[in-house]
Amino acid sequence: MTHTYWWSLAGLWFILLMVFVQSFIAAVVHSKKDASPPGKLSQNLSHDSLVFRTHRTFQNSLENLAVFVVPVIIAIIAGADAAILGALVWAYALARLGHMLLYYTIATEKNPSPRSYFFLGGWFINLALYVFVGIRLFVG
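Residue numbers (the numbering used here): 1 to 140.
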């Protein structure tokens, strides 16, 4: 099974590694720029603060992790098409990477911001994953 789903598993590894790196970046930036205790942000921070943006990037990734990873695991257990699943996982990974990089580099309150398009892309990929898994489970 590992060989069949190598691309999906490698993509999940990449996504999880990216979240791990985001947590480290957020902690380092916070420790250098904000006097608040670890894990607590000043109420005055907004998108113009790198502390805020690195924290929100990490939190946003955490918020979206389970709703993507769990259906991927269900798809693997259900024996879904490995090529389609691998493509969905890597498309999502790239969308999340784009979201992360833009959130780190562009300080804007504007909505939609450039990062919003990557977030939306990831959302639609997630929707496609749910449809893909649902078809596999309920249609066959």
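If you're looking for bench data, these hints aren't it; they were derived computationally from the structure. Be careful, since some hints might not be right.
Calculated cross-link-like contacts (lysine to any residue; reagent style SDA-like; alpha-carbon spacing at most 25 Å) [what the hints assert, rightly or not]:
id: 1; residue 1: Lys40; residue 2: Trp13
id: 2; residue 1: Lys110; residue 2: Ala78
id: 3; residue 1: Lys40; residue 2: Val29
id: 4; residue 1: Lys32; residue 2: Trp13
Listed next, with one range per pair, are the computed distances between beta-carbon atoms [to be verified]:
id: 5; residue 1: Val69; residue 2: Ala107; range: 46 to 52 Å
id: 6; residue 1: Ser42; residue 2: Met18; range: 51 to 57 Å
id: 7; residue 1: Gln43; residue 2: Val139; range: 27 to 33 Å
id: 8; residue 1: Ala83; residue 2: Val139; range: 39 to 45 Å
id: 9; residue 1: Asp81; residue 2: Lys33; range: 19 to 25 Å
id: 10; residue 1: Ile106; residue 2: Gly140; range: 40 to 46 Å
id: 11; residue 1: Leu17; residue 2: Asp48; range: 33 to 39 Å
id: 12; residue 1: Pro114; residue 2: Ile135; range: 45 to 51 Å
id: 13; residue 1: Lys40; residue 2: Leu137; range: 40 to 46 Å
id: 14; residue 1: Val131; residue 2: Gln43; range: 29 to 35 Å
id: 15; residue 1: Leu94; residue 2: Lys32; range: 28 to 34 Å
id: 16; residue 1: Gly140; residue 2: Pro114; range: 39 to 45 Å
id: 17; residue 1: Ala66; residue 2: Lys110; range: 43 to 49 Å
For every residue, glycine included, the Cβ atom is placed at its ideal position computed from N, Cα and C.
Right, here's what the structure says about each hint:
1. A threshold of 25 Å between alpha carbons decides the hint, and for Lys40 with Trp13 the separation of about 28 Å lies outside it, so the pair is violated.
2. The straight-line distance between the Cα atoms of Lys110 and Ala78 is roughly 42 Å, outside the 25 Å bound, and the hint therefore fails.
3. At roughly 13 Å between alpha-carbon atoms, Lys40 and Val29 fall within 25 Å of each other, so this suggested pair holds.
4. Simply put, Lys32 and Trp13 have alpha-carbon atoms about 29 Å apart, too far for the 25 Å limit, and the pair is violated.
5. Checking the proposed 46 to 52 Å range against Val69 and Ala107 shows it is violated: the Cβ atoms sit about 29 Å from each other.
6. The given range of 51 to 57 Å is broken by Ser42 and Met18, whose C-beta atoms sit roughly 26 Å from each other.
7. The hint said 27 to 33 Å for the Cβ distance between Gln43 and Val139, and at roughly 49 Å that hint is violated.
8. Checking the proposed 39 to 45 Å range against Ala83 and Val139 shows it is violated: the Cβ atoms sit about 18 Å from each other.
9. For Asp81 paired with Lys33, a C-beta distance near 46 Å fails the hint of 19 to 25 Å.
10. The hint said 40 to 46 Å for the Cβ distance between Ile106 and Gly140, and at roughly 45 Å that hint holds.
11. Range check, Leu17 to Asp48: Cβ separation about 28 Å, and the 33 to 39 Å hint is violated.
12. Taken as a hint, the range 45 to 51 Å is violated for the pair Pro114 and Ile135, whose Cβ atoms sit roughly 33 Å apart.
13. For the pair Lys40 and Leu137, the supplied restraint of 40 to 46 Å holds, since their beta-carbon distance comes to about 42 Å.
14. With their beta carbons about 40 Å apart, Val131 and Gln43 fall outside the hinted range of 29 to 35 Å.
15. The hint said 28 to 34 Å for the Cβ distance between Leu94 and Lys32, and at roughly 29 Å that hint holds.
16. Against the hinted window of 39 to 45 Å, the Cβ-Cβ separation of Gly140 and Pro114 comes to about 40 Å, which satisfies the hint.
17. Range check, Ala66 to Lys110: about 29 Å between beta-carbon atoms, so the 43 to 49 Å window is missed.
Of the hints listed earlier, those the structure fails to meet are numbers 1, 2, 4, 5, 6, 7, 8, 9, 11, 12, 14 and 17, in rising order.
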